[in-house]
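Peer 1: Below are the chains, spelled out letter by letter.
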Amino acid sequence: MMSIRDTIIAQFQGVAAEQKRKLATLTDDLKLLHSGLDSLSFAIIVARLEELLSYDPFEANESQQFPVTFGDFVRLYENRP
Amino acid sequence: MSPISDGPLSGLGPRLNPLGADPIYFDAGPHRLFGWLHRAADSDLGVVLCNPFGYEAICAHRGIRMFAEALAAIGVPALRFDYAGTGDSGDIACDTNQIETWTADIAAAASALRHSTGVRRVCLLGFRLGALLAVRAACESIDALIVISPIMNGRRYVRELRITQMAASLRSEDAVSSEAASGTVEVAGFSLSAASTATLAGIDLERMGMPLTSEVLVIDRTDLPTARTWSEEASRRGAQVQYQCLPGTVEMFLTAPQFGSVSEEMILATKDWISRLQGACLPIETSPAPEDVSVPVLSLAGNDASPDIIEQPVFFGEDTALFGIVSEPQLNERARRGVILLNAAVDPHFGAGRRYVSLARRWARNGYVVLRMDLAGIGDSATRTNCRNDEVFPPQAMADVRAAANFLSTRYGVQEIVLGGLCSGGYHALRAAVDGLAVRQIFLINPENYFWKQGTTLKDVQLAEAVRNPGIYRERVQSAAAWRRLLSGRVNVWRILDIYAHRGFLALESALRDIARSLHIRLPSDLGSELEELRARGVQVVFVFARGEPGIELLKLLAGSVTSRLSGSCHVHLIDGGDHTFSKRGPWEICESILTDELTKLAQAPQPTSTLRDSGTRLRTLREKSP
Chain D
1 MMSIRDTIIA QFQGVAAEQK RKLATLTDDL KLLHSGLDSL SFAIIVARLE
51 ELLSYDPFEA NESQQFPVTF GDFVRLYENR P
Chain H
1 MSPISDGPLS GLGPRLNPLG ADPIYFDAGP HRLFGWLHRA ADSDLGVVLC
51 NPFGYEAICA HRGIRMFAEA LAAIGVPALR FDYAGTGDSG DIACDTNQIE
101 TWTADIAAAA SALRHSTGVR RVCLLGFRLG ALLAVRAACE SIDALIVISP
151 IMNGRRYVRE LRITQMAASL RSEDAVSSEA ASGTVEVAGF SLSAASTATL
201 AGIDLERMGM PLTSEVLVID RTDLPTARTW SEEASRRGAQ VQYQCLPGTV
251 EMFLTAPQFG SVSEEMILAT KDWISRLQGA CLPIETSPAP EDVSVPVLSL
301 AGNDASPDII EQPVFFGEDT ALFGIVSEPQ LNERARRGVI LLNAAVDPHF
351 GAGRRYVSLA RRWARNGYVV LRMDLAGIGD SATRTNCRND EVFPPQAMAD
401 VRAAANFLST RYGVQEIVLG GLCSGGYHAL RAAVDGLAVR QIFLINPENY
451 FWKQGTTLKD VQLAEAVRNP GIYRERVQSA AAWRRLLSGR VNVWRILDIY
501 AHRGFLALES ALRDIARSLH IRLPSDLGSE LEELRARGVQ VVFVFARGEP
551 GIELLKLLAG SVTSRLSGSC HVHLIDGGDH TFSKRGPWEI CESILTDELT
601 KLAQAPQPTS TLRDSGTRLR TLREKSP
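Which chain is which? The protein sequence lines are D and H, in order. Numbering follows our numbering, with no gaps: position 22 of the first sequence is 22. Numbering follows our numbering, with no gaps: position 622 of the second sequence is 622.
For the record, the hints were derived by calculation from the structure and aren't laboratory data. Wrong hints could be hidden among the right ones.
[Claimed, not checked] Derived PhoX-like pairs: lysine-lysine, alpha-carbon spacing no greater than 25 Å straight-line:
id, chain 1, residue 1, chain 2, residue 2
1, D, LYS22, H, LYS453
2, H, LYS453, D, LYS20
3, D, LYS20, D, LYS31
4, H, LYS453, H, LYS556
Only chain D is shown next, with the shape it has when bound in the complex (with noise of 0.2 Å):
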């Protein structure tokens, strides 16, 4: 079974390539801002991630701020209550 953070960098990719983006190396770092994809590739993933992980970091908290760096999209899906 994969863990949350290759299911994550699994949907990271998968969304790159269908929407023909460059995907930057995926390290804890990298600011989500530079990682190739935009803001409509998010919401894909995030509702990928909801379908797979049955969890969407978003509904559970209503005022979560979307994360900044990669790791911290990965801790998000990590640290569920």
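Keeping the supplied structure of chain D fixed, place chain H upon it in accordance with the hints.
Peer 2: Positioned in the frame of chain D, the structure of chain H alone reads:
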């Protein structure tokens, strides 16, 4: 009054035009809507295509056009249209409940289709949010329904839009909390009012009553199929439902159009289903004579402060049918000044966030004749033979721009032309002016290129990337973690070296070009020399940049010390808080005001302005604005 058509393509009747579809306006309650009527003879069945929301409609513009063309090709007339406040339709108040309004617009479109073609049966074909609206609009007078990648739950959709909005705000320090608190959502320059999001949040198609149509085709997403349960329930209640999962939703609706693609499978499935429906129609003994409800003029009333204007769809061009919308003042404007707005990337002529519509209508009220047009292969223009659709830098763009200028001059008597656009639209304006087109002013909003070699692809390392990216890598040189990744092979070293090499080459080239200019040696592809030549011809150049855009750094690199010598003829404006497309309303309003001021100043006697000086670290600009 038929659409205006000039050149070899003129002389066609009101129901024929080079593109095989008629641009029309029709009434929807108090609003006037724009649409394209794809005619077909002797059909009992017609289809109304219902757009997705916002940027998805931009992404899917060509795809939806292809759906309509495919239906007309099998003998089924199709009407695709812009909801009130979108595309080329009339404006609406910003607090309008768009969900209720757009649902009513669909009903009006169905009525317009019946009256203009004589069809007695109407099928609604809705895409994404358009599918949700189509389900709401389906009533006893709608005979069939097709929903493609439907939004099933409005609350979830609003949440997705808010996530998109939040992610977009990573590029600025603006918080979205105030917008969230007010209930409005603004994504990529498209807004849903608080009333709209409140209505949407209460819509769950699975809990709604089934639509009163007996024939339903559901084409669901393969990655996130959400409509199966609803489809099964519709079947249980007696509807004839065909359910399919087909790929292509992300590529067609959620990918920038220059990188997206149209799902041929979805089009084929739709054609097959409609063909069966059409074949099941009872023979018609007599059909009512179609009424021509299409008066292709949109009158936009002003008020005490601003005059009325009219808009009209036009075709022009010598070898290829080019399309545009002309906005002009009702009263005869003696100066006959004209503005041509050029496509940003492959966004259709109304522009992302409908920015070009806003500019065109404002400037028409100020007395200008404004043409927002599609280059060949983009939006609603035809595509040249052996050329691709949706090319950002089409090889014949200059011919199209000349055709537009010639059209405004001969048809509208325009004597002074201003040319401009966002991103590649600004690029084309610059190239046209340098190429010798007689223009008075050009404006470039966030250009990312000043030169483009045919054969280059958008994925190649562009100058903008070379200017933008080194900042990231400079930070990482100081990062121990970054060095560990480099040494462990987890970094694309060649790409970094490529960017730095490109940057170094640019800096060296800039210095050499400065030397050549000082020696009066005219090098090819020299932006500095080109700007000087434009000044000598009396062409004013206006740059508007969002702070942080790479285009201004490129301007300094490629134009070199010329930027410090330009006086009066080249204005550079920096706006805080904007992004590449000025998607946020505040910065966009500043941009619009700046451009309007520049047009106004152009119309008055020219006055000397401060010389721009390059301090070595930044350009001092005439105006730096914050929202």
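Peer 1: Hint by hint, say whether it matches the structure.
Peer 2: Structure-based check of all given hints:
Between LYS22(D) and LYS453(H), the direct Cα distance comes to roughly 21 Å. Compliance with the 25 Å bound is thereby established for this hinted pair. With a CA separation close to 21 Å, the supplied pair LYS453(H) and LYS20(D) stays within the 25 Å bound. Proximity of LYS20(D) to LYS31(D) is assessed by CA-CA distance (about 20 Å); at most 25 Å being required, the pair is judged to hold. The suggested pairing of LYS453(H) with LYS556(H) holds, with an alpha-carbon distance near 20 Å, which does not exceed 25 Å.
Hint compliance for this structure: every hint is met.
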